[in-house]
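For reference, the chains in residue letters:
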Amino acid sequence: MAETITLGKALNHGLRRALENDPKVVIMGEDVGKLGGVFRITDGLQKDFGEDRVIDTPLAEAGIIGTAVGLAIRGYRPVCEIQFDGFVFPAYNQIVAQVAKMFYRSKGKVRVPMVIRIPFGGGIGAVEHHSESPEAYFSHTPGLKVVSCANPADAYTMIQQAINSDDPVVFFEPKRRYWEKGEVELEAPLSGAYPLHAARVLRPGTDATLLAYGPMVRVALDAAAAAAEDGRNLEVIDLRTLSPVDYPAIFESVRRTGRAVVVHEAPGNLGIGAELAARITEECFYSLEAPVLRVTGYDIPYPAARVEEDFLPDLDRVLDAVDRSFGW
Amino acid sequence: MAKGERKAGGKPPAPADGAVDRIPGGDAPAGGFVQLLTPDGEHLGSVTTADGTTYSVDFTDEEYRGFYRDLVTVRRLDAEATALQRQGELGIWASLLGQEAAQVGSGRALRQQDMAFPTYREHGVLYCRGIDPIMPFGLFRGVDQGGWDANEHKFNGYTIVIGSQTLHATGYAMGVTMDGKTGSPDGEAVIAYFGDGATSQGEVNESFVWAGVFNAPMVFFCQNNQYAISEPLERQTRIPLYRRAAGYGFPGIRIDGNDVLASYAVTRAALDNARNGQGPTLIEAYTYRMGAHTSSDDPTRYRIASEVESWKAKDPIARVKAFLAKQQVADADFFAEVDETARKLALDLRERVLAMPDPQPVTMFDHVYPNSSPEVDAQRKAFDEYHASFEGSGH
Ligand SMILES: Cc1ncc(C[n+]2csc(CCOP(=O)(O)OP(=O)(O)O)c2C)c(N)n1
Numbered sequence: 001m002a003e004t005i006t007l008g009k010a011l012n013h014g015l016r017r018a019l020e021n022d023p024k025v026v027i028m029g030e031d032v033g034k035l036g037g038v039f040r041i042t043d044g045l046q047k048d049f050g051e052d053r054v055i056d057t058p059l060a061e062a063g064i065i066g067t068a069v070g071l072a073i074r075g076y077r078p079v080c081e082i083q084f085d086g087f088v089f090p091a092y093n094q095i096v097a098q099v100a101k102m103f104y105r106s107k108g109k110v111r112v113p114m115v116i117r118i119p120f121g122g123g124i125g126a127v128e129h130h131s132e133s134p135e136a137y138f139s140h141t142p143g144l145k146v147v148s149c150a151n152p153a154d155a156y157t158m159i160q161q162a163i164n165s166d167d168p169v170v171f172f173e174p175k176r177r178y179w180e181k182g183e184v185e186l187e188a189p190l191s192g193a194y195p196l197h198a199a200r201v202l203r204p205g206t207d208a209t210l211l212a213y214g215p216m217v218r219v220a221l222d223a224a225a226a227a228a229e230d231g232r233n234l235e236v237i238d239l240r241t242l243s244p245v246d247y248p249a250i251f252e253s254v255r256r257t258g259r260a261v262v263v264h265e266a267p268g269n270l271g272i273g274a275e276l277a278a279r280i281t282e283e284c285f286y287s288l289e290a291p292v293l294r295v296t297g298y299d300i301p302y303p304a305a306r307v308e309e310d311f312l313p314d315l316d317r318v319l320d321a322v323d324r325s326f327g328w
Numbered sequence: 001m002a003k004g005e006r007k008a009g010g011k012p013p014a015p016a017d018g019a020v021d022r023i024p025g026g027d028a029p030a031g032g033f034v035q036l037l038t039p040d041g042e043h044l045g046s047v048t049t050a051d052g053t054t055y056s057v058d059f060t061d062e063e064y065r066g067f068y069r070d071l072v073t074v075r076r077l078d079a080e081a082t083a084l085q086r087q088g089e090l091g092i093w094a095s096l097l098g099q100e101a102a103q104v105g106s107g108r109a110l111r112q113q114d115m116a117f118p119t120y121r122e123h124g125v126l127y128c129r130g131i132d133p134i135m136p137f138g139l140f141r142g143v144d145q146g147g148w149d150a151n152e153h154k155f156n157g158y159t160i161v162i163g164s165q166t167l168h169a170t171g172y173a174m175g176v177t178m179d180g181k182t183g184s185p186d187g188e189a190v191i192a193y194f195g196d197g198a199t200s201q202g203e204v205n206e207s208f209v210w211a212g213v214f215n216a217p218m219v220f221f222c223q224n225n226q227y228a229i230s231e232p233l234e235r236q237t238r239i240p241l242y243r244r245a246a247g248y249g250f251p252g253i254r255i256d257g258n259d260v261l262a263s264y265a266v267t268r269a270a271l272d273n274a275r276n277g278q279g280p281t282l283i284e285a286y287t288y289r290m291g292a293h294t295s296s297d298d299p300t301r302y303r304i305a306s307e308v309e310s311w312k313a314k315d316p317i318a319r320v321k322a323f324l325a326k327q328q329v330a331d332a333d334f335f336a337e338v339d340e341t342a343r344k345l346a347l348d349l350r351e352r353v354l355a356m357p358d359p360q361p362v363t364m365f366d367h368v369y370p371n372s373s374p375e376v377d378a379q380r381k382a383f384d385e386y387h388a389s390f391e392g393s394g395h
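Protein sequence lines correspond, in order, to chains V and A.
Quick note on numbering: the working numbering labels position 141 of the first sequence as 141, and the sequence is numbered without any gaps.
Quick note on numbering: the working numbering labels position 13 of the second sequence as 13, and the sequence is numbered without any gaps.
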């Protein structure tokens with residue numbers, strides 16, 4: 001039976017199921033215990049699984065990830081919560097130099113199966129450092145896998161799949177979508193679920209392909225709905241996995257539609273969209289009717305909350321890009 | 001400049017209690033340290049520290065000879081590695097010269113079930129774990145990046161990013177507790193090695209916080225060899241390093257790092273405290289890096305020869321030899337045999353290092369992910385095809 005729950009609650013259910021299914025799964029982070037996390041994603045888990053399974057850590061991100069590496073070497077499967085996107089950087093060294101390379105430098109003999117959960121993106125009127133989109137830094141790092149969920153159903157399965165994976169996974173959660181509701185099959189077996197590292201066509205279309213992930217998927221869907229009123233039939237793909245990107249699915253779509261627009265909140269310069277544009281150009285050159293266009297955050301620090309709506313890609317900016325693509 | 005202002009980079013005021021840690025020339029530091037075997041080879045039997053803890057060792061003659069053999073062997077293997085580097089057979093080598101006692105003592109103190117997290121210099125500890133000394137040579141030769149199984153050897157991969165492994169050790173130790181493997185004499189303990197320079201790293205200080213808060217069953221073993229490449233200890237700390245532990249809420253103790261018996265006794269006690277559930281200890285092994293930082297370093301630019309000379313008088317091996325001779329438990333034949341055995345081991349090591357093949361280039365694509373990645377797989381395939389396109393390609 002499907003239940004209608006928020007994305008945040010879906011993550012909570014997914015984490016609960018992971019804790020139930022594998023005694024080696026431990027959750028660690030700042031305020032994840034009694035408080036249930038500042039976004040309540042781990043709400044109630046410490047009460048039910050104990051302080052050894054849901055660990056309130058000291059306030060130090062390098063420490064969270066570094067000790068998680070040690071726990072993973074010991075055979076645990078840590079799920080680390082970074083409280084906000086802008087606070088992952090103290091842990092950057094551990095993630096990039098240690099987590100990403102353990103398997104490689106040990107010639108496959110040491111695995112560090114861990115998940116690093118990061119609420120990311122803006123749109124919640126937050127003070128600085130609370131609205132950032134650092135996914136490109138991690139997607140650029142070999143040895144890490146990077147995913148982002150965009151709806152409750154995916155949140156529920158993807159978090160479990162990430163935890164089950166022996167790869168280290170950086171798991172980006174669209175914080176402004178935490179409260180959006182959707183149907184989730186809580187009893188469905190994970191084995192039959194849509195794969196973790198696969199993009200998904202959310203809205204089939206024929207005229208252009210919109211590529212988005214995380215919080216921008218909703219914007220892309222809204223833009224496609226608006227475009228339909230103008231007689232344009234846009235395909236919307238939720239990338240879901242940022243490393244590796246599911247290129248075959250993207251190429252297949254763009255070869256059909258001949259146009260692609262990538263949407264993300266992160267600054268455009270050397271972002272995910274830049275790589276997608278390059279790869280699409282390399283692989284779909286003769287199918288393209290227009291250059292791949294990007295709708296992204298500007299190349300500036302995330303601005304003050306009162307102007308963030310002008311920074312974030314929105315329906316109008318996406319439609320403007322679609323217009324430009326058709327006008328080529 | 002206003003009165004009382006200090007120039008950036010100027011000398012900091014002396015600590016309030018006047019505790020100057022590093023005495024150029026290598027005398028015992030102010031505040032002392034635990035020593036059981038003097039540089040002259042006098043066995044002190046036992047020492048009691050200010051807090052009333054007594055450390056003593058009483059080994060059989062065979063065991064004393066064993067320490068000597070280990071010390072000589074790890075120094076000889078180290079010398080061979082240095083020679084291999086000079087001959088172009090290793091890309092770089094981080095020598096343990098001068099630090100043999102700290103490493104052999106603590107290494108022998110580990111029980112079989114204990115786990116060690118080394119830096120890049122703990123070849124002596126590796127040897128004492130019963131591991132084939134060739135194991136780290138792939139890393140230094142440049143044919144791999146270590147490539148061993150931390151759990152199989154109870155010896156984590158060499159960690160080059162300064163300090164990072166102390167957090168890994170702490171997390172591992174938390175896991176030991178979660179597994180219920182502490183609180184008894186046959187429990188498990190964890191040791192993290194790091195240098196004096198590493199003590200300035202945030203990650204090391206975070207590991208102290210964590211270990212204290214979670215009462216992690218571990219020993220922080222700091223080899224204070226007085227230098228972090230060129231920078232002397234004074235650039236890392238205003239107080240003796242072992243006293244930092246107090247700020248994190250666990251015991252800190254300084255030992256004569258050139259005394260293998262002190263290193264053994266104090267590490268063994270600290271490990272046993274840890275496995276019994278009494279939490280972490282910081283050990284500062286006060287020693288000296290007799291050689292260059294690595295084969296790429298030129299220490300004449302930052303330290304004077306007389307300092308090195310004065311530390312020679314505190315050599316970790318000479319004092320054990322003097323003790324054995326004085327006790328008449330080893331004779332010239334024994335010393336010659338140890339040298340000869342070590343020489344043969346070194347020769348064997350050399351031959352095997354020289355025989356280490358370069359890896360096939362395409363293996364650089366191996367082991368990026370446990371579950372592989374279509375992107376890496378595609379690049380490997382393209383790499384293969386590209387190289388196959390050259391006639392007579394060895395790939
Ligand atoms: C994070 C980091 N910064 C800089 C370096 C370069 N580096 C390698 S060894 C070293 C000095 C380390 O000194 P110490 O911790 O005292 O250990 P020792 O080498 O003396 O054993 C430095 C600066 C590094 N490896 N990692």
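Keep in mind the hints are simulated off the structure, nothing from the lab.
The structure presented is a predicted model; accordingly, all values stated were derived computationally and were not measured.
Some hints could be false.
In silico PhoX-like links for lysine-lysine, alpha-carbon gap of 25 Å or less [stated by the list, open to error]: (1) K321(A) / K109(V); (2) K326(A) / K109(V); (3) K24(V) / K321(A); (4) K107(V) / K24(V); (5) K326(A) / K107(V); (6) K181(A) / K109(V); (7) K34(V) / K47(V); (8) K109(V) / K34(V); (9) K24(V) / K381(A).
**Prompt:** Hey, K326(A) versus K107(V), does the alpha-carbon distance stay inside 25 Å?
**Reply:** 49 Å, violated
**Asked** Does K326(A) pair with K109(V) here, judged by a C-alpha cut-off of 25 Å?
**Response** It is violated: about 48 Å lies between the C-alpha atoms, which goes past 25 Å.
**Asked** Is the Cα-Cα distance between K34(V) and K47(V) 25 Å or less?
**Response** 7 Å, holds
**Prompt:** Given the hint that K321(A) pairs with K109(V), does the C-alpha gap stay at or below 25 Å?
**Reply:** 40 Å, violated
**Item:** Pair hint outcome, K24(V) versus K381(A) [Cα-Cα no greater than 25 Å]
**Value:** 36 Å, violated
**Asked** Within a Cα-Cα threshold of 25 Å, do K107(V) and K24(V) meet the stated pairing?
**Response** Holds, because 24 Å separates the two Cα atoms, which is no more than 25 Å.
**Prompt:** Within a Cα-Cα threshold of 25 Å, do K24(V) and K321(A) meet the stated pairing?
**Reply:** 49 Å, violated
**Prompt:** Taken at face value, is the distance from the CA of K109(V) to the CA of K181(A) at most 25 Å?
**Reply:** 23 Å, holds
**Asked** Does the alpha-carbon distance linking K109(V) and K34(V) stay inside the 25 Å limit?
**Response** Given that 25 Å is the threshold and the Cα spacing comes to 36 Å, the pair is violated.
Against the hints set out earlier in the document, violations occur for numbers 1, 2, 3, 5, 8 and 9.
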